[in-house]
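Enquirer: Protein chains in written order, with the numbering used here: chain A, 49 to 449; chain B, 49 to 449.
Bear in mind the hints are in silico, worked out from the structure with no lab data behind them.
One thing to keep in mind: the hints can contain errors.
Pairs of lysine to aspartate or glutamate, DMTMM-like flavour, derived with a Cα cap of 25 Å [to be verified]:
no.: 1; chain 1: A; residue 1: K134; chain 2: B; residue 2: D106
no.: 2; chain 1: A; residue 1: K188; chain 2: B; residue 2: D191
no.: 3; chain 1: A; residue 1: K92; chain 2: B; residue 2: E96
no.: 4; chain 1: A; residue 1: K63; chain 2: B; residue 2: D106
Output of the computed footprint for chain B on chain A, the stretches with three or more beta carbons under 8 Å from beta carbons of chain B [unchecked claim]:
no.: 5; region: 118-128
no.: 6; region: 131-143
Just so you know, these numbers come straight off a predicted model, no measurement behind them.
Think of the CB as a built atom: it goes at the ideal place given N, C-alpha and C, for glycine as much as any other residue.
2 protein chains.
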Amino acid sequence: MLVVKKFGGTSVANKERIYNVANRCIEEYKAGNDVVVVLSAMGKYTDELIDMAKDINDHPPKREMDMLFTIGEQMSVALMSMAMNKLGVPSVSLNAFQVAMHTTSVYGNARIKRIDSERIRNELEQRKIVIVTGFQGVNKYDDYTTLGRGGSDTTAVALAAALHADKCEIYTDVDGVYTADPRVVPTARKLKVITYDEMLELATLGAGVLHNRSVELAKKYNVQLVVRSSLNTHEGTIIKEDTKMEKMLVSGVAADPDAARVAVIGLKDEPGVAFKLFNALAKKNINVDMILQSVGRHGTKDISFTCSDEDADLAKDVIEELMEFESIDVDKKVAKVSIVGAGMQSNAGVAAKMFEALFDENINIRMISTSEIRVTVLINEKNTERAVNAIHDKFDLGEDR
Amino acid sequence: MLVVKKFGGTSVANKERIYNVANRCIEEYKAGNDVVVVLSAMGKYTDELIDMAKDINDHPPKREMDMLFTIGEQMSVALMSMAMNKLGVPSVSLNAFQVAMHTTSVYGNARIKRIDSERIRNELEQRKIVIVTGFQGVNKYDDYTTLGRGGSDTTAVALAAALHADKCEIYTDVDGVYTADPRVVPTARKLKVITYDEMLELATLGAGVLHNRSVELAKKYNVQLVVRSSLNTHEGTIIKEDTKMEKMLVSGVAADPDAARVAVIGLKDEPGVAFKLFNALAKKNINVDMILQSVGRHGTKDISFTCSDEDADLAKDVIEELMEFESIDVDKKVAKVSIVGAGMQSNAGVAAKMFEALFDENINIRMISTSEIRVTVLINEKNTERAVNAIHDKFDLGEDR
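Chain A with its partners taken away, still in its complex shape (with noise of 0.2 Å):
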């Protein structure tokens, strides 16, 4: 069996923690398999070379940001190479350019294009372990770029795909992916089994276990993911294609409290009105959410829509310049609270039976949103603990079944 592993920063952030990964990934090597391992760079290591950086020039080109931001995965992969060298286990480190792990051009948020696994197929039949720098790749230029976030991840999936890996372990400091938020609901479950396209709403939504890139990647490659922790052997929630699987109603809850609405008032009725204003928004980067259009008063139109906090007042400004309008209402303290779940498309009554969790709660909806395994509603954020918690009980998530 071929395991591709992957860890990041903070199960690397010291010695005791490496060889914490050297002992896990040998572990798995003595059993007979092959491991590929992918790391981060140590724990604040990044940080401290963006700090670095800055100090030198505060808007440092990105094509030398990304040679300075590769040493630290590169100073990663070296120290685990030589702890299991300690522990009497062969291995090789390699970075970008020995893999190598060719990129579109963006510096700082490239894209994975194509992997050269030659190099890593000889260290393995050489029966090492093969220990690859995360977040890094080179592009055709022959320079370094990196993936931008969730980077590591991402290279680790693509590196599953590329070897044809029986799975693709992405290690971290929770058990798995949860039916709601631990810290916020007492009874929340850990899932056995979930689906990409559930794990790709909960990703979006604000889980934070995985990066969206790295699921979207492995569902299109097909590759088997796991999520499990670094601290402790349990086994962790597997990520599949969803056919075998009996599909659950409902899989979990995700709250995401930084979620912005803006709602513009009195628009004028006529074509292009939300082309105009989105065009706009996006081409500030500002990432829009959920979007609501409805009929506002003496033939104008209300636009309402979410951001991410830190956007909202910039997406005001950018509006106010653009447009005209009888008003416009920032509102920062609101909160996304999801269900999702794959079975959910063949069953009538999910969204409703949500509903009536938040209305014996008496908390006000400010906005809906649905996808095929997705719904998705704004509340006031001081709510937000009462309601994942209200949904989690309405659906019996905290049971095991």
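Knowing the structure of chain A, use the given hints to seat chain B on it.
Expert: Leaving out everything else, chain B in the frame of chain A:
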């Protein structure tokens, strides 16, 4: 004109010094020249990396050690490019993969085999300052290697040769090459010009300004070297072939206190004794310098040699285990003092004049060794300073010629 400039770790140890180097390079660039900069790791960063590795594994594999080492120079070049960008001048940083810098396979002590200069030429054509990582290379397995001691100097000279640069400037913390160590001899004078061979003898003898390998390489490819200070704009010392130079009788006096004398008395006088002895030392990586063999009493022979203080005891142990003799004596309180000069070859009496200087000071000579352009004597360590001054005066080296 194409100029290669090399700056060591102390020259890029902090923000202020990085900007100092950036400004010096930009000055050259703005004069219309093509500039290639070679950098070492910042300050003591390589030592920090060694500590980091030793903490994980007291005997880290050399291959992984080189993987770790190379991040030091990559950090320097990326930050330097950011500084130049801040100063408004286009530049690009390149590592050993990007150059590409092909070396032999030996980790920790590789030699440069071939440089693909295409990338550098392209960047220079776009009028960028090219900043290259010193000390590192890539071997035929596509692994990082490092060049060992004096590695960044060697990188600079090799690049100058490959690019047919007009000169290769080695920036250091002294103004150039002196007739003697200015800290020991107050009248010591900076040399304007010196030949490769003279510099080679001086480097071997502990003048410490340039590493032998870089001078040998410069001689082989006829690269004009300049040693100068990174702290001021003084002209420095030019190192080149001696064809058009008026040969100086003696160029300088060098002293090396890190010498020990090992005397083996009463060895059997039979063939192969010297071979066996020095072969055994070579296998233990003990570098032997001066060798003296003389006839001993009762049909035996005596062999004396010098090595570094550090190796002396090991040498004694090796010899004691290897062969029979009457007695062995190790004296670490000795120093080598040498005069070097290309003019010496065709001038009789140079050695005699040196011995006279020592006799005038009543300094006893323990061993003598000569080459075509060098005379070295071994004396008691405590007399070093007096000896160097006496010789310097005797040859009038302090006077401008």
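Enquirer: With reference to the structure, classify each hint as holding or not holding.
Expert: Status of the hints after comparison with the structure:
1. A/K134 / B/D106: holds (8 Å)
2. A/K188 / B/D191: holds (20 Å)
3. A/K92 / B/E96: holds (18 Å)
4. A/K63 / B/D106: holds (13 Å)
5. 118-128: holds (count 7)
6. 131-143: holds (count 6)
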